[in-house]
Amino acid sequence: MSAREQSSYGLLAQFDGAASLLQAAKALHEAGYKRFDCHSAFPIHGMDRAMGLQQSKLGWIVLLGGFSGAAGGMLLQWWTSAIDYPLVISGKPLFSFQAFVPITFELTILFAAFGAVFGMLALNRLPRLHQELFNSGRFKQASDDGFFISVQAGDPQFDEAGTKSLLRQLGAQHIEVIERG
Amino acid sequence: MKMDAQTFRITVVGRFGKIMLAAGVLGLLLSVVGYFTNSKQFYHSYLTAYCFWWTIVLGGLFFTLLHHLTGASWSVVLRRIPETLMATLPALAVLFIPLLFGLHDLYHWSHADAVAADALLAKKAPYLNSGFFIVRTIGYFVIWYLLARSLYKISLAQDHHPSDKQTHKMRRLSAPGMLLFALTLTFASFDWLMSLDAHWFSTIFGVYIFSGTVLAVISFVTLFALMLRTKGILKETITVEHYHDLGKLLFGFTVFWAYIAFSQYFLIWYANIPEETIWFQHRWQGSWKYVSLLIVFGHFVLPFLVLLGRAAKRNLKVMTFMGCWMLFIHWVDFYWLVFPNLHHHGIHISWMDFTSMLAVGGVTLWYFWRRLTAQALVPCNDPKLQASINFENA
Numbered sequence: 001m002s003a004r005e006q007s008s009y010g011l012l013a014q015f016d017g018a019a020s021l022l023q024a025a026k027a028l029h030e031a032g033y034k035r036f037d038c039h040s041a042f043p044i045h046g047m048d049r050a051m052g053l054q055q056s057k058l059g060w061i062v063l064l065g066g067f068s069g070a071a072g073g074m075l076l077q078w079w080t081s082a083i084d085y086p087l088v089i090s091g092k093p094l095f096s097f098q099a100f101v102p103i104t105f106e107l108t109i110l111f112a113a114f115g116a117v118f119g120m121l122a123l124n125r126l127p128r129l130h131q132e133l134f135n136s137g138r139f140k141q142a143s144d145d146g147f148f149i150s151v152q153a154g155d156p157q158f159d160e161a162g163t164k165s166l167l168r169q170l171g172a173q174h175i176e177v178i179e180r181g
Numbered sequence: 001m002k003m004d005a006q007t008f009r010i011t012v013v014g015r016f017g018k019i020m021l022a023a024g025v026l027g028l029l030l031s032v033v034g035y036f037t038n039s040k041q042f043y044h045s046y047l048t049a050y051c052f053w054w055t056i057v058l059g060g061l062f063f064t065l066l067h068h069l070t071g072a073s074w075s076v077v078l079r080r081i082p083e084t085l086m087a088t089l090p091a092l093a094v095l096f097i098p099l100l101f102g103l104h105d106l107y108h109w110s111h112a113d114a115v116a117a118d119a120l121l122a123k124k125a126p127y128l129n130s131g132f133f134i135v136r137t138i139g140y141f142v143i144w145y146l147l148a149r150s151l152y153k154i155s156l157a158q159d160h161h162p163s164d165k166q167t168h169k170m171r172r173l174s175a176p177g178m179l180l181f182a183l184t185l186t187f188a189s190f191d192w193l194m195s196l197d198a199h200w201f202s203t204i205f206g207v208y209i210f211s212g213t214v215l216a217v218i219s220f221v222t223l224f225a226l227m228l229r230t231k232g233i234l235k236e237t238i239t240v241e242h243y244h245d246l247g248k249l250l251f252g253f254t255v256f257w258a259y260i261a262f263s264q265y266f267l268i269w270y271a272n273i274p275e276e277t278i279w280f281q282h283r284w285q286g287s288w289k290y291v292s293l294l295i296v297f298g299h300f301v302l303p304f305l306v307l308l309g310r311a312a313k314r315n316l317k318v319m320t321f322m323g324c325w326m327l328f329i330h331w332v333d334f335y336w337l338v339f340p341n342l343h344h345h346g347i348h349i350s351w352m353d354f355t356s357m358l359a360v361g362g363v364t365l366w367y368f369w370r371r372l373t374a375q376a377l378v379p380c381n382d383p384k385l386q387a388s389i390n391f392e393n394a
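Protein sequences, first through last, are from chains A and B.
For the first sequence, the residue numbers in our numbering are 1 to 181.
For the second sequence, the residue numbers in our numbering are 1 to 394.
There's no promise every hint is true.
Taking lysine to aspartate or glutamate pairs in the DMTMM-like style, the calculated list, with each CA pair at most 20 Å apart, reads [unchecked claim]: (1) A:K92 / B:E276; (2) A:K26 / B:E392; (3) A:K34 / A:E132.
If you are wondering where the hints come from, they were derived from the structure by calculation, not from laboratory data.
Between the sequences and the hints, there should be enough to build the whole structure, so can you do that?
Here you go:
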């Protein structure tokens, strides 16, 4: 392994369209690559399956958020209304769960939404100010008309020369090495 | 049962229609026996069964209106099922006739002497009287029939002579149609179900019935499509992606139902006004308490937990179970709305509850099947048909 390979972030390959990007992603997945990503200006149908992506764990985080919101909401109201500051309201029992349902419901939704937003950010490792791919001048096209695959050097299958030739075989029109930093 | 794959038409009809007709006729005959045995019990059983099937048929109208209004493409392959449901309205109108003779057995407000002795009923008499009740009921059916017939006719015209105007026409009709649907469903629920206890009132009652209606029609469409699937019909057309979407709607409206049902309960519980709370008090007496609890858990908790995950909605066995379960619990819900007015002290199941279901269900499904098999099973010239067949959930 050369010093250059160790210092590089990985490879960025440009493709001419959505169809060839999809095919290349499938081929990379079949070749056993794990740490690669596809970049296009719009979602491509079937890309998740082609890349071999697993179902996101986000749903479980949302569920956890929802449950903690529900439990927290009910406990908070039980403690404040029946224990800490008992106050009889319109002759109803101190712990009247019916009255606590709206707040419990709202907190369930709020915490589930927190789970969704912050869980998504955490899973995507966001926010971050800089990403190595921005070192490439071409990468800006990914939000316009460019179709890219980036392969990280950290992938066990990665070998700069071999990966380069594989990407070229798959129809990459332009390949560049992305530097770290 | 067989279907021609080119024209989407049923070529071998099978015995479904005949079985349903036989069930309907048998049910009607037994209902006549029931009427002479205990007319009060008969009418309450019949009203429960009638309203159950009415929500499925009227739900077909709602599904169609919603499909056109939102310009949905995923549901094109399913559209003929709800469309044919709404085209079944004439059968439902005929099946309503027995109820017109049962007003005295069903509705306390229809007795002149009861109204004279009751200040509240006397105040309500300008609205709640037999004559106006019948006029309103006829009005509802006329509105539903005209709406359903126009939408159905345009849809069939699209099958035979497609033009680009039809989609827009159906869409334009659906906006005022939805408004009329909302108003008529609300008032029909007030008249037929809420006025069983004429002292009681709840402004959200129409929305409550509406939420059950949507659940009923989604369950019915799911089950019917799955039934066709077991016969190998439309297997490649209605795919797991469509069941997934039906599952999402079923889940969403389960939450909506719970929201509405709780809102109704919550406000009445909080205000604690005797004339309002009495309705829930009736439903908490004796064994009615267990029916109430069954509805809370069976109508909300169970479907919520089962349908929450993605895998469940894409599992056709789970969807079959949920379709059956939701229709069952929808019937329990209506039983719970109607029967505490007759059996105050607890649940009292009668054989007429089942024969009424057989009568109304058999005739409805027979007529539904007749109309369905007379046309293509999917709107074959809808411009969005191909998009619907290829539809995929992201």
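Evaluation of the provided hints:
| no. | hint | result |
| --- | --- | --- |
| 1 | A:K92 / B:E276 | 17 Å, holds |
| 2 | A:K26 / B:E392 | 19 Å, holds |
| 3 | A:K34 / A:E132 | 18 Å, holds |
When the structure is compared with the earlier hints, no violation turns up for any of them.
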